[in-house]
Amino acid sequence: MASTEIALPHRHLEDAPAGSGARAGWLRRHGRAAAALVLLAVALFPFLWLVHLAFKPAADLFEDRLLFVPRLDGFRALLQGSFPRSFLNSLAVSTLSTAMSLAIGVPAAYALTRWQFPGRRHVALWILVTRMAPPIAFTIPFFLAYRWLGLQDTLFGLALVYLTFNLAIVIWLMQTFFEAVPTALEEAAYIDGCGVWQAFWRITLPLAAPGVAATAVLCFIFAWNDFFYALILTRTQAVTAPVAIVNFLQYEGWEWSKIAAGGTLVMFPVVVFTVLVRKYLVQGLTAGGVKD
Amino acid sequence: MGAANALAAPATPRAPASSAPRGWQATRRRAFAFGLAPALIVLLAITLVPAGALVVASLTPLSLTDPAGTFHFRDPLGNYRHLLEDARFLGSIATQLKLSAASVVLQLAVGLGLALLLNAPARVLGAVRGAFLIPMVLPPIVVALIWKILFTPDVSPLHRALEAIGWPVRSLIANPDTALWAIAFAETWQWFPFTMLMVLAALQMMPADPLEAASLDGANRWQLFRYIVFPHIRPVLVVCGLFRLIDSFKAFPLIFVLTDGGPGTVTEVTNYYGFIQAFNFSYWGYASAIATVILAGVFALSWLVGRLGWNDHGKH
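Heads up: the protein sequence lines correspond to chains A and B, in order.
Letter by letter, the first sequence follows residues 1 to 292 in the numbering used here.
Letter by letter, the second sequence follows residues 1 to 316 in the numbering used here.
Calculated directly from the structure, the hints in this document are not laboratory data.
None of these values were measured; they are calculated from a predicted model.
Among the hints, erroneous ones may be present.
[Unchecked claim] Straight-line Cα separation of at most 25 Å, SDA-like style, residue types lysine to any residue; simulated pairs: (1) B:K250 - A:L128; (2) B:K250 - A:T130; (3) B:K250 - A:V217.
Could you build the full structure based on these sequences and the hints that come with them?
In structure tokens form, the structure reads like this:
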């Protein structure tokens, strides 16, 4: 990375006549970091404001005072309603969808990596394009079909819809991870009498395990973050947390601290996961975006 | 055993081989096909079949009031003809284009600027880079709530600050002149990290030699950027722009929570209009036609991304 310091702050400026004082020296050395920190504070201010509202006592909500004793009233109010159930629904749907997409997608990704068949490129491209398709194009047919099949307002139905984007993510990402595993190891296993899937199970998959974990986290986050499908395909039983927040916003009006508390809870797992798998997250969010 | 021999050249199926490796190759192919098939079948069932059903439904006047009676093909192109005369639909396309253009341009500008700022070897910057990703990974509904709070004068710290200095401002999302720009702003906040990430990745892959050569030849910083750095990252910027453009057609939670398409219909984008037609009015046939149009637009853009040579997992 040191090779790409493009704005060249040091080399050139150091040729400039010295004597602008210690202040300029500090600015030259730390100006970039200082600017970055200031911009970060500005960029994260909206996010921090929501978290801070969640802990603010209701009485102080309309005041500017920044110093207050954190209260958990908002969270407590949430616990009494239907929110805990929707939170569990979110967990269940995201987990189920992640498990299904991994079970189907991982072997497919492996086959796509190791098997050079004619039309392979087209299949890979089609899989990526499914991720691009606008949800509205899928929701109308799914909505009609689910009314008919009785899958409306069920956790399984929702998890199934999430495959429309998660399957593409798994197949696309896992290809990169499988490419990194040297084929020589598999060949050795073949010679020892392993079948293709046996070698995959015993050799390749354990080696690609970190990739599988990262992919699982991404799938979970994408399913967790969904709002549109859940809004349309659930009514009462399978409502997920994002929809639940909007529901009490519509039926109970703007109870700010409760809304802020709900928002904080919904984003909590995502922020934790982001910290845990930052490196892979970057890869997943830009999947297909950077030529490799 | 000949298997290793044949495997040494897996990409050339016609490698001279005895009958045993050919049998192994066939077994291997069968095994791979067996692994790939479930995913392809499921994808077919949940993407191509619904897409087909959508196009079929778009040729009928299907609606909630009489689902059986309205499912006919007497006037297959009726919905599309109607679309061309529907001022609200045409307006929604204009709104969509304005919103997409504004937010994508802003995202590219902010993302590029930050990437250039953060691309330096300092430990602080590495940590800061990760924190900048937060807006992008937040659940979209939380992003919408955040901006609802910031755009609502009662609770917004910005509005109260403006009021305190004697310059009260009407809520930006309640004002028809500014509502769309407010949404574009929120969308930019959510998605600038994407461009930032991609540009940073490109910058880190840039060879150092041309930069050094140019600076030895006396090029100034602007010239270095204009003639060396920018040409290097331009393809990434183009791809970022197209990706974000495609995604911007899906914008939903922000509009749903912030303005609900209003005031009037000034923030009603095509996606949102389709949603209203389908799930508020239950004109499923008509909504399908709208969704088909969006789908066609997305495919055209995806094709463009493909043409630019990106996403090419097969070539190395």
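Out of the numbered hints, which ones does the structure contradict? none
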